[in-house]
Every structure is written in structure tokens, then in C-alpha cells.
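Colleague: Please model the complete structure; the sequences and the hints are all you need to start from.
Heads up: the sequence lines are chains F and B, in that order.
Everything in the first sequence is counted per the numbering used here, starting at 1 for the first residue and increasing by one.
Everything in the second sequence is counted per the numbering used here, starting at 1 for the first residue and increasing by one.
Please note that the accuracy of each hint is not assured.
[Stated by the list, open to error] If you want the footprint, here are the derived chain B segments under chain F, 3+ residues with CB under 8 Å:
(1) 127-137
(2) 277-290
[Said to hold, decoys possible] Label pairs and their in silico Cβ distance ranges:
(3) F/Gly58 x B/Thr189: 33 to 39 Å
(4) F/Asn248 x B/Lys94: 43 to 49 Å
(5) B/Leu61 x F/Glu347: 33 to 39 Å
(6) B/Met29 x F/Arg234: 33 to 39 Å
(7) F/Asp188 x B/Pro298: 46 to 52 Å
(8) B/Gly145 x F/His171: 37 to 43 Å
Rather than coming from a laboratory, the hints here were simulated on the basis of the structure.
Cβ coordinates follow ideal geometry from the N, Cα and C atoms, glycine included.
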Amino acid sequence: MRKPPTLLSLTIDIALLNLSHISDLSFLPDHVLLELFLRTLRAGKLTEKILKLFVATGKDEILSLISELNIQLILTPVLPTINIRDDEVDIVIGALHLDLTSFMEDWRAVFSRFHLIIVQDPDLKGDLKIPGGFSFDVYMKSDIESVVGSSSSSVVFSGYSCRYFGYLVSHKKYIISIDDDCIPAKDDKGELIDAVAQHITNLMTPATPFFFNTLYDPFRKGTDFVRGYPFSLRSGVQCGLSCGLWLNLADYDAPTQALKPGQRNSRFVDAVLTVPARAMLPVSGINIGFDRELVGPAMVPAFRLAKEGKFRWETVEDIWSGMCVKVICDHLGYGVKSGLPYVWRNERGNAVESLKKEWEGVKLMEEVVPFFQSMRLSQGAVTAEDCVIEMAAAVKERLEPLDPVFARASEAMVEWVKLWKVVTSRLSNSAA
Amino acid sequence: MASVSPTPVLKDELDIVIPTIRNLDFLEMWRPFFQPYHLIIVQDGDPSKTIKVPDGFDYELYNRNDINRILGPKASCISFKDSACRCFGYMVSKKKYIFTIDDDCFVAKDPSGKEINALEQHIKNLLSPSTPFFFNTLYDPYQEGADFVRGYPFSLREGVPTAVSHGLWLNIPDYDAPTQLVKPLERNTRYVDAIMTVPKGTLFPMCGMNLAFNRELIGPAMYFGLMGDGQPIGRYDDMWAGWCTKVICDHLGLGVKTGLPYIWHSKASNPFVNLKKEYKGIYWQEELIPFFQSVALPKDCATVQKCYLELSKQVKAKLGKVDDYFNKLADAMVTWIEAWDELNPSSASAEVANGPKK
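Modeller: What follows is the structure, given as C-alpha cells:
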């Protein structure tokens, strides 16, 4: 005859069923508590909340069992409810330093889900140090040359521009790119920000470039379109680019940093907003995400200062490609967002030293901005590639007379589109 | 840390305009911030009712009889039974700056728990330049602790004068009736610590609940339209003023800021009542937005009044066919400017000195 269940085991069964409603276990006798714990484990019901309940009883037997079994509370980053397929994302890192260990460790919780493309600055000699536990591909000078050809090219992948090679060879839909001197920041509640998840959320939710919403991103939880926002514009458009921000060392130019050496950005602005159509903005490459399928070819590594350096404030390559992307997004009806996520940007370098170099970037920007503001693309330009070619022609016609650097930029833009077409078709052929 | 100069109080240069139909009890909470200033109370509804103003405030109060007496036949442009009547207060004020607030808006607290002096923040916004020609990703570059980012053209870093400061609301957000019906319990709890300039060429929904502007720069454009009693539409007064104002600011090279300060909006109006008022606005808006987005004002319109009169002509020409209401509105816009110039003779001929027109 089968032994009937004991009263104790029946009680534990019921307790197990109602575990989520129990808020205190300290009154239970030790042997009952232990039995409950083991049954909870066996039933697979040991969640973070329930583990905390058991730990709160303070009973030695339970605590020693927990440490023997090596049960740990793992803090997982809060992920958005949007379903991101990890295989739709590449994280592209331009390595301007050899030792990426601390950078990768700091980002491990966020990066480890995804595939990484690490591109070594071709001017950087030596071997990269990358910790284990990541899925990544490294591209070096030799790889770049084999794709691009070592002769020519007007497209130069050195310094901060090395990351564009990563954009080129990726075949994922979304690319997130963060400078190698940035670490995860904390939000105003002290929680670590998952910058990648936020960029993906930005890219996967609609943008609203045609009318400004005063409560910022209307698709965010807890907010909406305000009174007066036209209904026909409420479905929004696809987002092509997501521009994040920086706490601590903000992305200032050298003169500003030299003037205010102590200034640190401590203001956490809890907003994402769409930069309106036809409004230009300075896109910083330090912390961005973009939809490669929509705007990939528009992220052009074309504008190199003659004395471009290895500090962000000695470059404007991202400013140029950002304005190209904005004009193209405006034309094709895609959105560009700015705001969250923040990263924490560490300090290095001396802005005053950079000032001693001839500051041509500043002068050139003055010419460049009116050009982009008035740039209009033809109706026939319906892809990002078409748009880049048209823009390259306009750059050659209108800006080349001002400075030879623009002639090189125009050539680079054309070359880039060619490269893009070749590499993309090669990838899709091999994937087929 | 660099020392920050205190914000000027401007107590003799700023009027607070408050439309009311109920009572002014809310002023008690604002007393520490508002008491130095002069109030212009515009009493809507039944003029025989007495609205009690809390002691200790310096104010002038206008009811419908006063409006009719002062404007005579031109009083037809001032709405009745709608907070749009507040624009009478702008017209009758003699000060340089106006701050307007609704009587269900209270003092909010920032995330640290400190009470927000909304008026002080609006003054800061109005006294510092705007940057409508290029978007700064760190928002207001003139705020403490912020600056222009790398790539921002130096030639645009001086900015232009700020004409409008548009504040926001915690608690009950400014939603339209359909959204209120779908989300009756949603509260705005997110404090976004930013002020930014709405870029040139971009329209936005301007809410009149928590608004300040430079009357000398843009006053005549702040006409809140024909709403309420006898009109087919309500709750679009501030929207209309906002679209006209933005178009004119863009034309004259003036800036419009939005963001801080927050106030605490306590009263959720009845969404069914709102729906009836807004109903026509919701689909007229679809015609209005393209109209405003494509408005072109001729170069010789160098004053706000000239711009506004030109705008009224275009409203009649292009929107008259949407509904006859817009013909009436266009006429009211002209009446408004005539009344404005009558009550403000010195500004009628003054050309507005402002930044370069782009």
C-alpha cells in the first residue's frame, strides 16, 4: 500500500504553491524551513525574491546550504521589453589603445550577449589584449588592406575612422559603437545604464521628426503625445540614428575644454527626443547606434583634418558623417534621436596641447554648416547610396573651391559607396 | 566652482497674467514667489461675480464689462467662457515680460524635494539667448554646467534673443481628450532636467498653462484666438497662438525655448467635455499644420504686427475654405492688432531690433 503523505509534506506543498504571497519565513522551525528550501530548489522556484526571503531568516543551516551550493544573487541589467534578437546587433569598437581589458570588463554585463567587431587602428602597432568570454572578430591593418586594397584609397580608416571598417563588414541590422575610453554610467537612481539596450530601444521605436513633442519621446512608458500634436503624425517614422550622451567628460571641442578645464557634465537629462527634420546637429561618434540597413552607407568616413589626431577633439570625422546622415534621413523620411543613453567618459589628454596645433577644424565647420543646412537632394535619390553620391557631387561643386580637404572628402564619399556595394554584395553572396 | 550671478528679480518689468472663472486660492501657494510682482487678473464668465484676490498682492482685475468698456466694438476679438480671454491681459499690460499661469497650477518640487521657483526659471530662460539654427545635444548651452558641444559652429554660439519660454507640467499632463480617455490615470512623473531651443522651422504645441514671453519682442503674436462661447472650437487657443508665434519668431530670428520649469498641474478636466470642445480642432489641425509649415512671410515684414497682419491675410485666403470660422478668425486677428496698437501706441511704429534673418 502506498504510504499516505505526511501532514508536513502536505503543508510544504501548499506553502510552495503560495510562496509568492509569503513575506516572512522566520517563524518556521528549522527543519521545516530546510525542507521547504530543498523543495523550492527542486521545483525550480528559487527566484531572487524568494532567495532573499530565505536569507532573511538568518538561519545558519540555510545560509551554509546556500554558500555550499554556490547560489548567488546576480544583478542583471534591466532590459527593455522590446524583443531584441541578439543576432541582429553588432557592437563595433574602434581600438585606439592596445589593452582593452578594463574597457571590456567594465562593459561585460552589457556586451557579452552580442557579437563584437573590434577594429584596430592601423596606426597602432602591437597586439590587442582582449579578455575571454566574448564573441568577437578582430580586424587589423592587413584585413583592411585586403578589402580596400593597399593603394589609393581616398577612404582612410585610421584613428577614430577605423571603426567605419567595422560598419562596412558587419551584416547585422543594428550597429552600436562606443569609444574605448568610455565605461557604463549610472542613472539618477544610481543604477548602471545598459547603453546598448537603450540605443536598440531608440532604434526600434518610431521617431517623430515632423512636429516637436514637448514631453519628448511619446513612445516612452509614462508619457504620450501632448494636446495639439497632429494625429496624422503620431505613428512616427523609422529611426535611423540614435545619438547618446556623456557624463563626466562631455564631448567639448578643444577651445571649450581649455577654457573650462574643470567642467564635468553631471546633469542626467532623462529624455530621448527626435531631432526635428531640417534641424542640424553635431553628431558625436563617442556613443551612437544606427540602423545599418537604413543609413549604413551614409555613415561616411570622409572628412579628415590635415592634422587629425588621436583625441576626439582633434577630429571632426563624426561631425561630417553625422550631418550627412541627418540630411539623408530628412530626405528619406527617417528620424534621428538624441539623448539617452549616457556613458561615462574618462579623461585623457590635454586640450590645451591640442590647441597648439593649428585649429583648422573650427574654421572649416563654419563653411560646412551652411552647406548642409541648405542641401537638398533630388526626388530620384531613394536610397542612402544614391543620396551619398549626390551629396558627394554637391560637396565637390560647392565646397572644393574653399579648401582641398573637401575634394578629398567628396572622393572618399564616392569611394565609400563603391566599397559598400562591393562588400555588401560579397557578404550576401556568401551568405546565400 | 564658479560663482553664479543671481537671477534678476525684474519685479517692475514683469506682469503675471492669470485668467480665472472660479477663485484664486492657488495664489497662496505661490505667494513667496509671486508677491513682489504685479498681477493682471482676467475674470472670465459672469462679471457680476466677485473674485476674491488673496491679501497682499498688487493687482488689477478685468471682467467682461471692463473688456467691453476698454475695447468697445473691438472686444469681439476677446473670447468669452474660455481661458483664451487671458490675452486681453497681455494687451493691457505695460511691462516688458509676461508670465501666464492657470489657476489649477501649483508649485512643483524637483527630484531633490526643493520647491521650484518657476518664475525665476522663466526669467533665466528669457534673459539668456536661444539657439534655433543648430541643435545642441547638451541642450541649453547657457545653463550652468553645460556648453556647446564639439562640432557646434562658433559663428552660431552667440545665439539670438529669446522671445518665449515654454514650461512643462508634472502630475496631470497636457493631453488631448482622446488620450485622456484612453489613459485617464497616467501622470507625468518624469522630471527632465533640460531646457532647449525649438529649432527654426519646427512647430510645436504651445501650452498656455505655464508660459512666459518677452512682450516687447513678440507680444502682438500672442493672440489666443476665438474660442469658447459662440465658437465652434475650444482648447486650441494656445495652440493657435503658438503656431503663429513660432512662425513669426522663425521669420524675425527670435528663439523659443521649452523644458524647465515644471509646475504641478492638479486638475484633470473632464475628457468628455474636452472632446466636444476639441472635436473640430482635431481634424482641422490636419489642415492647419501644413498651412503653418509652409507659411512664407515677405522680407519687408519686419515688425511683429506686420507679420501678424500678413498671416491673417493668408489665413483668410487659404483656410477660409476649410471652414467659415477661419474667416472670422482672420478678421479677429486684424481687430486684435488694431486694439493692440491702440492700447500700445509707442510700439506700433517701432521696428523690432533683432538678430539676423536667415
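Colleague: List in ascending order the numbers of the hints, as given earlier, that are violated by the structure.
Modeller: 5
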